[in-house]
Amino acid sequence: MGRYVIRRLLQMIPVFIGATLLIFLMVNVMGDPVAGLCGDRQCDPATAARLRTDLGLDKPVWQQYATYMGNVFTGDFGTAFNGQKVTELMGTAFPVTIRLTVVAIVFEIVIGISLGVLTGLRRGRPVDTTVLLLTLVVISVPTFVTGLLLQLLLGVEWGVIKPAVSTEATFDELIVPGLVLASVSLAYVTRLTRTSIAENRRADYVRTAIAKGLPRRRVIIRHLLRNSLIPVVTFIGTDIGGLMGGAIVTERIFNIHGVGFQLYQGILRQNTQTVVGFVTILVLVFLVANLLVDLLYAVLDPRIRYV
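Counting in my numbering, the sequence shown runs from 1 upward without gaps.
If you are wondering where the hints come from, they were derived from the structure by calculation, not from laboratory data.
Among the hints, a few may not be true.
For each label pair, taking beta carbons as the anchor points, the in silico distance ranges come out as [to be verified]:
no., residue 1, residue 2, range
1, R125, Q11, 40 to 50 Å
2, L25, I230, 27 to 37 Å
3, E157, R7, 49 to 59 Å
4, F16, R125, 38 to 48 Å
5, L25, R50, 46 to 56 Å
6, D204, P231, 49 to 59 Å
7, V72, S140, 51 to 61 Å
8, V72, V145, 35 to 45 Å
9, L133, V15, 31 to 41 Å
No farther apart than 20 Å at their CA atoms in a straight line, the calculated lysine to any residue pairs in the SDA-like style are these [as the list claims (entries may be wrong)]:
no., residue 1, residue 2
10, K85, V138
11, K162, N255
12, K59, M69
13, K85, V102
14, K162, D172
15, K85, L291
16, K85, I220
17, K85, V299
18, K59, F107
19, K212, T195
20, K162, L179
Beta carbons: idealized from backbone N, C-alpha and C, even for Gly.
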């Protein structure tokens with residue numbers, strides 16, 4: 001196991017460099033940071049030239065990237081156009097998005113897996129058909145439609161929640177935004193769990209456990225569910241990074257000042273330091289989540305061994 005972890009960590013290095021390089025190039029091609037810094041009024045040529053020199057934009061792109069990565073490894077992600085350190089923006093944005101992501105993941109695990117087990121054990125019955133239709137509707141409806149609809153009904157019309165989340169963004173305020181963020185992934189988890197349960201239900205080890213007279217609950221939890229969760233865990237693990245990075249729409253709807261909000265502001269203002277810095281952390285989150293998912297395989301299926 002130890003050698004496998006070390007090997008995976010070494011494999012993450014070129015992936016991290018390649019991903020950050022791609023993002024760095026894309027952001028630099030996206031627009032002129034100096035134009036975004038000057039705003040609607042264009043800077044005069046002398047001021048623009050001085051800004052390019054101060055920001056290092058007069059150097060070749062490869063040299064800019066090398067300088068940026070060197071600073072990243074020392075904990076310096078640069079400075080936003082408003083003069084605030086990007087690390088300070090991360091310190092306020094990431095805890096909010098982490099709480100939002102935790103709420104979304106809980107919804108995926110509790111509701112998604114529960115509905116998947118229920119429909120997988122009752123495949124072809126009315127409850128199975130109903131859940132499949134509901135998940136298909138959820139997948140088909142865009143997230144911004146779901147978010148605006150729940151905000152209108154629960155926040156404006158019925159007054160159950162506040163239409164906008166406060167700056168503290170406590171867990172109770174993030175329940176509805178978390179449900180909106182998790183809605184599509186929740187539907188996929190339900191369908192994936194259903195398919196996996198239905199397939200493994202006919203496996204030899206399940207029939208053997210039933211023939212031995214084991215209680216139905218133990219057969220489902222200890223044998224059927226444990227082996228059926230491998231593809232589900234894979235999806236949820238890779239979805240963590242996607243939820244954190246894809247929360248732009250949800251955070252904009254409910255006025256949540258998290259990672260998605262900062263990315264939106266950075267892209268809108270062509271603030272390359274902010275965008276590249278936040279995406280760099282998201283790449284690390286995605287890589288670590290995938291490593292943890294691979295290690296969970298051995299926990300779920302004792303037949304899997306890493307060497």
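Hints and how they fare:
no.	hint	verdict
1	R125 with Q11: 40 to 50 Å	45 Å, holds
2	L25 with I230: 27 to 37 Å	36 Å, holds
3	E157 with R7: 49 to 59 Å	55 Å, holds
4	F16 with R125: 38 to 48 Å	47 Å, holds
5	L25 with R50: 46 to 56 Å	25 Å, violated
6	D204 with P231: 49 to 59 Å	19 Å, violated
7	V72 with S140: 51 to 61 Å	40 Å, violated
8	V72 with V145: 35 to 45 Å	38 Å, holds
9	L133 with V15: 31 to 41 Å	39 Å, holds
10	K85 with V138	39 Å, violated
11	K162 with N255	11 Å, holds
12	K59 with M69	15 Å, holds
13	K85 with V102	26 Å, violated
14	K162 with D172	11 Å, holds
15	K85 with L291	30 Å, violated
16	K85 with I220	51 Å, violated
17	K85 with V299	41 Å, violated
18	K59 with F107	47 Å, violated
19	K212 with T195	25 Å, violated
20	K162 with L179	15 Å, holds
Hints 5, 6, 7, 10, 13, 15, 16, 17, 18 and 19 from the earlier list are contradicted by this structure; the remaining hints agree with it.
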